[in-house]
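A.B. asks: Chains as they are written, first to last, in this note's numbering: chain H, 1 to 101; chain U, 1 to 101; chain L, 1 to 101; chain E, 1 to 101.
Don't take every hint at face value.
Derived pair list, reagent style SDA-like, types lysine to any residue, alpha-carbon separation capped at 20 Å [unchecked claim]:
#	chain 1	residue 1	chain 2	residue 2
1	L	K94	U	A17
2	U	K94	L	D28
3	U	K94	L	S15
By construction, these hints were calculated from the structure, which means they are not laboratory data.
Since the model is a prediction, treat every value here as computed from it, not as a measurement.
Residue-level listing of the chains:
Number of protein chains: 4
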Amino acid sequence: MLVEFTVVPLGLGDSLAEPVAEALKIVDDSGIQYQLTPAGTCLEGEWDEVMTVIRQCHTRLLGRSVHVITTIRIEDEIGARNKLRSNVSSVEKKLGRKMDT
Amino acid sequence: MLVEFTVVPLGLGDSLAEPVAEALKIVDDSGIQYQLTPAGTCLEGEWDEVMTVIRQCHTRLLGRSVHVITTIRIEDEIGARNKLRSNVSSVEKKLGRKMDT
Amino acid sequence: MLVEFTVVPLGLGDSLAEPVAEALKIVDDSGIQYQLTPAGTCLEGEWDEVMTVIRQCHTRLLGRSVHVITTIRIEDEIGARNKLRSNVSSVEKKLGRKMDT
Amino acid sequence: MLVEFTVVPLGLGDSLAEPVAEALKIVDDSGIQYQLTPAGTCLEGEWDEVMTVIRQCHTRLLGRSVHVITTIRIEDEIGARNKLRSNVSSVEKKLGRKMDT
Numbered sequence: 001m002l003v004e005f006t007v008v009p010l011g012l013g014d015s016l017a018e019p020v021a022e023a024l025k026i027v028d029d030s031g032i033q034y035q036l037t038p039a040g041t042c043l044e045g046e047w048d049e050v051m052t053v054i055r056q057c058h059t060r061l062l063g064r065s066v067h068v069i070t071t072i073r074i075e076d077e078i079g080a081r082n083k084l085r086s087n088v089s090s091v092e093k094k095l096g097r098k099m100d101t
Numbered sequence: 001m002l003v004e005f006t007v008v009p010l011g012l013g014d015s016l017a018e019p020v021a022e023a024l025k026i027v028d029d030s031g032i033q034y035q036l037t038p039a040g041t042c043l044e045g046e047w048d049e050v051m052t053v054i055r056q057c058h059t060r061l062l063g064r065s066v067h068v069i070t071t072i073r074i075e076d077e078i079g080a081r082n083k084l085r086s087n088v089s090s091v092e093k094k095l096g097r098k099m100d101t
Numbered sequence: 001m002l003v004e005f006t007v008v009p010l011g012l013g014d015s016l017a018e019p020v021a022e023a024l025k026i027v028d029d030s031g032i033q034y035q036l037t038p039a040g041t042c043l044e045g046e047w048d049e050v051m052t053v054i055r056q057c058h059t060r061l062l063g064r065s066v067h068v069i070t071t072i073r074i075e076d077e078i079g080a081r082n083k084l085r086s087n088v089s090s091v092e093k094k095l096g097r098k099m100d101t
Numbered sequence: 001m002l003v004e005f006t007v008v009p010l011g012l013g014d015s016l017a018e019p020v021a022e023a024l025k026i027v028d029d030s031g032i033q034y035q036l037t038p039a040g041t042c043l044e045g046e047w048d049e050v051m052t053v054i055r056q057c058h059t060r061l062l063g064r065s066v067h068v069i070t071t072i073r074i075e076d077e078i079g080a081r082n083k084l085r086s087n088v089s090s091v092e093k094k095l096g097r098k099m100d101t
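Throw the hints in and build the complete structure from the sequences for me.
C.D. replies: Here is the structure:
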């Protein structure tokens, strides 16, 4: 399944770059397939694998902030694979061209 | 922690009442503390307890639809209890009155 | 349409009660139909009416914090009315009983 | 501001590729800065510019489905520019390297 998540710790100032980097290091070390986007981090894997990584990120930031908001959006399509790539490419294909983003 | 979640199965028609009811039956049978809202279901409990219930709902609807989108918003505040009630009441208190909603 | 929104200002400490109360006062003064839930605020109205209120809340908190995260979830069902009540009651009806929440 | 949005029409079958492509065509034609991600579409611009595009996408899909769910996540940071690029690059910088995703 494809999962996008964000972790927002409160009370650590007004920049998210450092906490997000701390979470992303956990993601990167986990070996899970992922893609960092402007608005969050996308993971692809089975439920347990994905949720273990997200929980580690959430818990890590709870060690620095007493109030953490974590959002998770799961898109689960039976039989689909490599949605990190195919979600974008299938839309481009329907549009009949490659988006020049 | 307080968690709001929604489960949206695609390809089952344009009403969500039946799938949501099916998911809510799982929530209600689980014994977890919850509140149904106009936009989702709020749960309160520990990570494992909450995620087990959400996974059961997600899996149940994957048995009916091949494409399910589940969103989860975790608000975790160390030391906070009974956020199902206190999140609303603490805002009302700051406003200096009870909201007549 | 039914809309749930949250406004999270960063850098104002680790409690959200005060900023949420400030936003909710705007909602309450607007006259729009709404319901405060443990995880956000639900509004019901037309696009312009709803978005004007959300923008006012967002802008108000940008006056206090340089970094604000606002989430909006729109559920728009043609012909549906009073979703603030009917979304909950239609699920209860499908379940064949009133949920004792 | 940076905005990520998704538009999910119900009752149109279990694939989202075609409706997402239809929405993305509107985004692409608008001239707004954007990036398609595996989990949504990121836009960057002022409130009115961004919301006009999202409303057009939402309205277009309401012409095909009677029930549409649109989610919007706004991250607004005063003084920040080019968040479509800098949100990713600032995290990479904190990590001390370029993520090989």
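A.B. asks: So, for every hint listed, does it hold in this structure?
C.D. replies: Going through the hints against the structure:
1. Taken as a hint, the L:K94 and U:A17 pair is honoured in the structure, with Cα atoms around 7 Å apart against an allowance of 20 Å.
2. Restraint check for U:K94 and L:D28: the C-alpha separation of about 14 Å stays at or below 20 Å, so the hint holds.
3. With a C-alpha separation of about 12 Å, the suggested pair U:K94 and L:S15 falls inside the 20 Å cut-off, and the hint holds.
Of the numbered hints stated above, none is contradicted by the structure.
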